[in-house]
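Visitor: So the protein lines, in turn, are chains A and B.
Here the first sequence is numbered in our numbering, starting from 1 and rising by one per residue.
Here the second sequence is numbered in our numbering, starting from 1 and rising by one per residue.
The set of hints was computed from the structure by calculation and includes no laboratory data.
These numbers were taken from a predicted model, which means no experiment stands behind them.
You can take every hint at face value.
Result set (PhoX-like, lysine-lysine): computed pairs, CA atoms no more than 25 angstroms apart in a straight line: (1) LYS266/A - LYS158/B; (2) LYS266/A - LYS90/B; (3) LYS287/A - LYS158/B; (4) LYS266/A - LYS157/B; (5) LYS88/B - LYS158/B; (6) LYS88/B - LYS266/A.
Quick list of the computed label-pair ranges, beta carbon to beta carbon: (7) GLN222/A - GLN55/B: 23 to 31 angstroms; (8) GLU248/A - PRO89/B: 25 to 33 angstroms; (9) GLY368/B - GLN222/A: 18 to 26 angstroms; (10) GLN222/A - THR310/B: 35 to 43 angstroms; (11) PRO89/B - LEU141/A: 27 to 35 angstroms; (12) GLU248/A - LYS257/B: 47 to 55 angstroms; (13) GLU248/A - TYR238/B: 58 to 66 angstroms.
Just so it is clear, CB atoms sit at the ideal spot from N, CA and C, and this is done for glycine as well.
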Amino acid sequence: MSEGILKSPLPYRDGFGKMIVTSVILHLVTILFAVVVFKGKVERKFITPTYTVEIISPAASSTQKKKIEPKEQEKIPTPIKKKTKKKTKAKEKVVVKAPAKKKKKTKAKKIKKKTKKAIVVPPKEKEVSIEDALIRIKASLEAKEKEEKAEKLVEARLKNIEKKVTASERKNKKITSEIATIEDAVIKKGASITREAFKHKLSAYHAEIVTLIRSRWNQPTQVDTTNLDAIFSIVISKRGMLVSMETEERSGNILFDESTQRAIKKSAPFPPLPKEMEGNFLELGIKF
Amino acid sequence: MKKKLLTIVASLLFLFPSTSIAGDKVYLNIDSPAGKLLPLAIQVFHEGGNPKITQEVLDALYDDTDFTGIFDIIEEEAYLEAPSASLKPKDINYQDWRIIGTEILIKGKVKVSGDRTTVELRLFDVINETQLVAKRYVGATDNPRALAHRFSDELIKKLTGTKGVFSTKLLFISKRSGAKEIFISDYDGKNHRNLTKNDSINLSPKWSPNGNEVLFTSYAAGNPGVYRLDIRKDNKIYPVSTRAGINIGGRWHPDGKTISLTISGRKSPEIYFIDLKSNVYTRLTNNFAIDISASWSPDGKKLVYVSDRTGNPQIYVLNLDGGVPTRITYQGKYNTDPVWSPDGETIAYTSVSGSNFDISTIRADGTGNIKLTSRGVNKTPSWSPDGRYIVFSSDRDYPGKESLLYIMRSDGRSVKAIHTGADSESAPAWSPYFE
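The following block holds chain B by itself, in its conformation from the complex (with noise of 0.2 angstroms):
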């Protein structure tokens, strides 16, 4: 009797199943291994004019592609179609650019005449057969790479969802015959050029919130001070603060109205704030440890600095509404160079341990420490505007004879050199985006 009832209770139980699976939607599961990069295609047409302008604004695009790291740039010799002055989706024949592979392609066409450079670049996909971007960009013929890169920054946010980085600058030091002179350059370190020329010792270059202008230490004057210089007007330099002792470390507040800077305190060298309109002075730290390196959090909340208080310089964070400082780390010898990542989750520092000088980030409230280099003197990390990328300083190259700047992912990989063409760089620092 009982098994009777089993064997028909296990018989219905079987058939349950199978008749609710009758109503369900079956999907396939495709799971890929590992990652691919996606297969590029660039062909830039010469329209007229000077042609080395139309291979600067190729040799650009070739460079802000690789730099993302996204992408397979497929070998000129492949190109199926010839290069054409017209750049109409109706006029591209994909299949052409599908039989080589290629899934993503950029076009374009260059015009020279007289010191105008006419620049027209479209993207495209080549697997669904439609325009992603159309640009057209004119330009002096002084620097036919900033039109390339404005078309990168589409390119790219088209493609990710975030704009790119590619029309954004650099500011860094260099070092020739004793003098350390500041300088700007493009991200990728070309069109390198001085911003001081003192024949001094200029420091630790820092961008205003809106990119138009430098703030720096310099000791043009004898006793370092901090000035300003405004790189859309007039390149000409403006002091900030040059009071007796040292005045170090100047950084905008998010707003652009307030600097925080290191000024020479009664016990020791503490940390002020200048409000630039009035210029009053308003002194934050009061203790006899040194205060320095101040760094605002992106809404201008928070405050990340060092201090020796505990005997070596760690890094702490001040809640600007009211609070005490914070250490964050615990790590190492000593913690310097503290500077909030664009989207305030994390803080990049220089941490120092036995004679190792590396790139860490970690979290705001401690957690979460990841040391991003191991090879080399590796110092001043500086975040880029999308928060992708830090630009550092390393001898790794030379070791301990000269230092280079270098750009990686935030996350410490696809560590690349850059070079400017200027001698022993350092401290460098990644702009805003510019509006």
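Isolated chain A, as found in the complex (with noise of 0.2 angstroms):
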């Protein structure tokens, strides 16, 4: 038997070729099907960012810091419900009118309402006379009334996008989005930059993130931390402001759980947005 072998490789070798081709025809199978299945799963994915240095004159700089005024007038996204969120990702990318600036405050205060968790920074005002403030209870229940209309368009707009966009179709969308995330982030119409150095500037970004968030952190001392996680999901805005922040997961140490929290909190506002990125908007997981 093992003569026979030995002495007529060739037959073994055939055999070996067609256990590999059917083995990957299985696992393509496998996998096709898998892709199908799961197509619509958001899964997490975490990563550890770190810097990639580009040497580059100081003219050309687009990271540097921009000096963030305090008074700052920026638009707010709709909020995006998390249930339309979790049935297909494609769904996310819908334009949202964003409101006029009037809207702010109200829409800041909608945001706090509808997702339990979020904590929402509204910019600061100074203080106004009685009349102002009319005048400004008038402009935001206005606002309100155009605020529902324009809801109501978005959520139909969402039904007729659920049933146009499909799975394969997802690659080729034409539609930006308001909240992009570090994957799907793309660079904006016009931006004079390449992909590569896009993906270098976005995770040079990231990195950014982490440092800030990191240096701002009061780890507890008395805490063994080895096996506590805290996760979190926030966004940020073009000009850096944390627009919402919503817990993910918690550790049940109520110790770590708050310092995270408040390392992040602390940390805002973060550095503006990479300007070569499309969409006013980023998503972020936080994992502590």
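Take the two lone chains and join them into the complex the hints point to.
Guide: See below:
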């Protein structure tokens, strides 16, 4: 038996080749099946970003920190319901009409109510007279009406998109998103930057965020943190403001959990988003 | 042909991971290399009356928060916000506190009028701009620290989920001119006072489960007897067991109805139980060995005690539902003073090897033996009611001359001397939580 194999290695090799092909086919079928079945499932991927240094002239630098004015006027997105987010990734990429500047405050409140754990940081405003306040209230009421209309519109659009978008279309989607995640951040139209350079910019930005939060974090000394994890989902605006913060996982250790939450809050405002990035908001997962 | 196929397969394999990643959510890992203390600011406003009392409240808050080892207390000179009588969240300029690095802020005010002290204290999270605790206490002027301790208890509960031990007390023995008297003090050694004053030898004070009574051994009547004393009522001493021979090492059952102690038996000192209501004695052990220092498990189902049945004193655990005593210590010349941790997992004891006396902990099944101390003669451990700390006596700072009380974390770290002001102290017993 063993002699046979030694003497005629060819048939053995052929059999091996067939086996490999069969194995590959089986693997492919399994992978395809998995891809089809779990296409919509969002999985967590944890990364520890590192700095990639690019040598560029100071004038060309776009990661330069801008001075952030305390009274920032920013658009805040209409909150996208978590439900839709889970169903298909594509639904997230809906164009949401940004509200007018005056709506800012009511919007902020809205977000706070909608997502229970989310903490919204409304930009501070100067004190105003009663008249001003009345005008503002009126405006905000009007804004609310508009907002409701806009919301209905968005919902209708969502339904529409739900029908249209399929998994294969995802790749070639033409929908620009208001809130981009790390993986789907795209280059702004007209920005003269290569894909590679943009990637570097983005990972440098992540590294900056990590360094910033780490430096602000007072990890409790009396707690064994080896098996403790806290996970947050945050949204950063174009100018680096912390727009929302949601707790996804808590360790259960109050001292640890609170310290991580405060670390993120203390780190805001963050550096402004890379200017070459499309969209006004970036969603990031933060794991302690 | 084969090559072609392989290239197709390979390219397909490369394609799939990239598409699947597109659907993942990415999280940035934040790993901090080392722990940092939590920056805390404490500001107390003096609203009127004796300013010394306000200072005492402030000092107690400093002492309590420092004791935890969690905080880094920011120096008062750095504070930007002036002390104010208004403690309302809306009147606090959080930005002023954040600038100096504060994360947690205690603000308070103290008003003294006549013999009444009113203390209002609040805890704020400066980063989230939220009020975490708000309390007002009214008490006498003789012990303003007690009011601060009550707030510290709440503070720690809010920040860690477990109530603080700042309102608990210690019992201990102080030796002065030959006599050994029993004393009581706050957890930090402050406000000590005599419980016995009989110029005799009084030993091993222990708490009743509700913290109202003290059980101890005294030679006041000649032979050692076990006595009790109600610190909430009359502070008078009543006998529990004063039989002929020895009556020593009394300990309450967790239900407060039974006491275990060692009494001279026919062959040797044996462990007995006394039903406090009926005064009926039940003998547990009966052998030629000395059986002493019995201590109950928190659920009252087991007993840990010391027996010299093998020739030298070792620690045994006995399941009271039936069973034989199991020896759990096998290291060292002798081991004594066993005491069960509040969670029932661990037993702390004094381990002796050579001339070294150290505090060790061991699991009730005899595994996980850890020596927690290494310097000086260390004896008689007692757990804090939250199980986080152990108090013990040691001569580490005055070797062979004087022993003091020390508190360490239950893992043996951050050892701190507590200065009661009494002379040579020993045999500490940490109280339970008071209701």
